[in-house]
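Colleague: Residue numbers (our numbering), protein chains in the order written: chain A, 1 to 83; chain B, 1 to 231.
What the hints contain is simulated information worked out from the structure, not anything from laboratory work.
Please note that a few of the clues may not be correct.
[Stated by the list, open to error] Chain B is nowhere near these chain A residues, computed Cβ spacing over 10 Å in every case:
1. K3
2. A4
3. F46
4. K52
5. K53
6. E58
7. E61
8. V76
9. T78
10. E80
[As the list claims (entries may be wrong)] Some chain B residues close to chain A (C-beta under 8 Å, calculated; not the full set):
11. L59
12. R60
13. A63
14. E96
15. V103
16. I105
17. K106
18. E108
19. L110
20. F149
Quantities reported herein were computed from a predicted structural model and do not represent experimental measurements.
Every residue gets a Cβ at the ideal spot worked out from N, C-alpha and C, and that includes glycine.
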Amino acid sequence: MFKATVIIKRRPKILDPQGKAVEQGAKLLGFNNVKQTRIGKYIEFFVDTTDKKLAENEVREYSEKLLSNPIMEDFVYTLEEVI
Amino acid sequence: MKPKFGVVVFPGSNCDHDAYYSLKKVLGYQAEFLWHKEKDLKGSEVVILPGGFSYGDYLRTGAIARFSPIMDSVYKFAESGGVVIGICNGFQILLEIGLLPGVMIKNESLKFVCKDVYLNIESRENIFTKSIQQNILKIPIAHGDGNYFTDEITLKELEKNNQILFRYVSSDGKVNSESNPNGSFMNIAGIMNKRKNVMGLMPHPERCCNPLLGDTDGSLIFRSVAQHFLN
Chain A
1 MFKATVIIKR RPKILDPQGK AVEQGAKLLG FNNVKQTRIG KYIEFFVDTT DKKLAENEVR
61 EYSEKLLSNP IMEDFVYTLE EVI
Chain B
1 MKPKFGVVVF PGSNCDHDAY YSLKKVLGYQ AEFLWHKEKD LKGSEVVILP GGFSYGDYLR
61 TGAIARFSPI MDSVYKFAES GGVVIGICNG FQILLEIGLL PGVMIKNESL KFVCKDVYLN
121 IESRENIFTK SIQQNILKIP IAHGDGNYFT DEITLKELEK NNQILFRYVS SDGKVNSESN
181 PNGSFMNIAG IMNKRKNVMG LMPHPERCCN PLLGDTDGSL IFRSVAQHFL N
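I would like the entire structure built from these sequences, with the hints used as guidance.
Modeller: Structural data, given as structure tokens:
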């Protein structure tokens, strides 16, 4: 079995109104050095197989087809074998 | 023969009954609900993907609904020239499935906006606006994720092919940031595919069809589509 973690990030050119709003909060708190806050998604799940290659393909396809929208998002993932 | 509209019902759709009521009871067309788990479009000549919060808007708006069994049939129907209208969440589903280009992101204000807006009809060579006499429509919006975004290349394509159907404008027809309720790229409120048989719009025409409720500009879009089938 593998544990997968997928991080989905908004492409740099895509506006992130949530990130912008959160950063306003940062300014209110006095974090004046905080810049370019961007909000993404962190998703974790298990892939029930012993075949690493198969697990990797599944994670990639799941991320491409459903978890992210390739028009506005990029993703990175990690895969770790667990018992 | 009255045209037949099929209204898809996803878990979380909440404008399905409004659409059904306006089409059948107010405008007198044939209408039928299409459950998302079915594959049969039941002889619909126009498929409506209604507004709402399909699958709770989880992950991204429309991201999960596009994998519903009915969407296979809707996709094939659209590809073979069938007329499909996506309203609000339905528009978001059409973007996710790739029948229309672009994406929806959160409103610039981060607020859910529910109010009447003015739309300029940008293109007439299509069944959705062909028989509408006026240039500006007043139709309500109600969404939190209606900020249309696409890249410059796609925008050029949309413009070149007259695929932009509606833009948010002021009551006297000016395209400016004050009349843009959500931050949409180029004030875009509704677009079509290249073939002009698939249309998506954020405003809710089904909410302004009944004269008893006041405005009726929404009915003009449905009437224009119906006219195409009556001719």
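Colleague: Hints first: check each against the structure and report whether it holds.
Modeller: Hint-by-hint comparison with the structure:
{"no.": "1", "hint": "K3", "verdict": "20 Å, holds"}
{"no.": "2", "hint": "A4", "verdict": "16 Å, holds"}
{"no.": "3", "hint": "F46", "verdict": "18 Å, holds"}
{"no.": "4", "hint": "K52", "verdict": "26 Å, holds"}
{"no.": "5", "hint": "K53", "verdict": "25 Å, holds"}
{"no.": "6", "hint": "E58", "verdict": "16 Å, holds"}
{"no.": "7", "hint": "E61", "verdict": "13 Å, holds"}
{"no.": "8", "hint": "V76", "verdict": "17 Å, holds"}
{"no.": "9", "hint": "T78", "verdict": "20 Å, holds"}
{"no.": "10", "hint": "E80", "verdict": "23 Å, holds"}
{"no.": "11", "hint": "L59", "verdict": "7 Å, holds"}
{"no.": "12", "hint": "R60", "verdict": "6 Å, holds"}
{"no.": "13", "hint": "A63", "verdict": "7 Å, holds"}
{"no.": "14", "hint": "E96", "verdict": "7 Å, holds"}
{"no.": "15", "hint": "V103", "verdict": "5 Å, holds"}
{"no.": "16", "hint": "I105", "verdict": "6 Å, holds"}
{"no.": "17", "hint": "K106", "verdict": "5 Å, holds"}
{"no.": "18", "hint": "E108", "verdict": "5 Å, holds"}
{"no.": "19", "hint": "L110", "verdict": "5 Å, holds"}
{"no.": "20", "hint": "F149", "verdict": "6 Å, holds"}
Taken one by one, the earlier hints all hold for this structure without exception.
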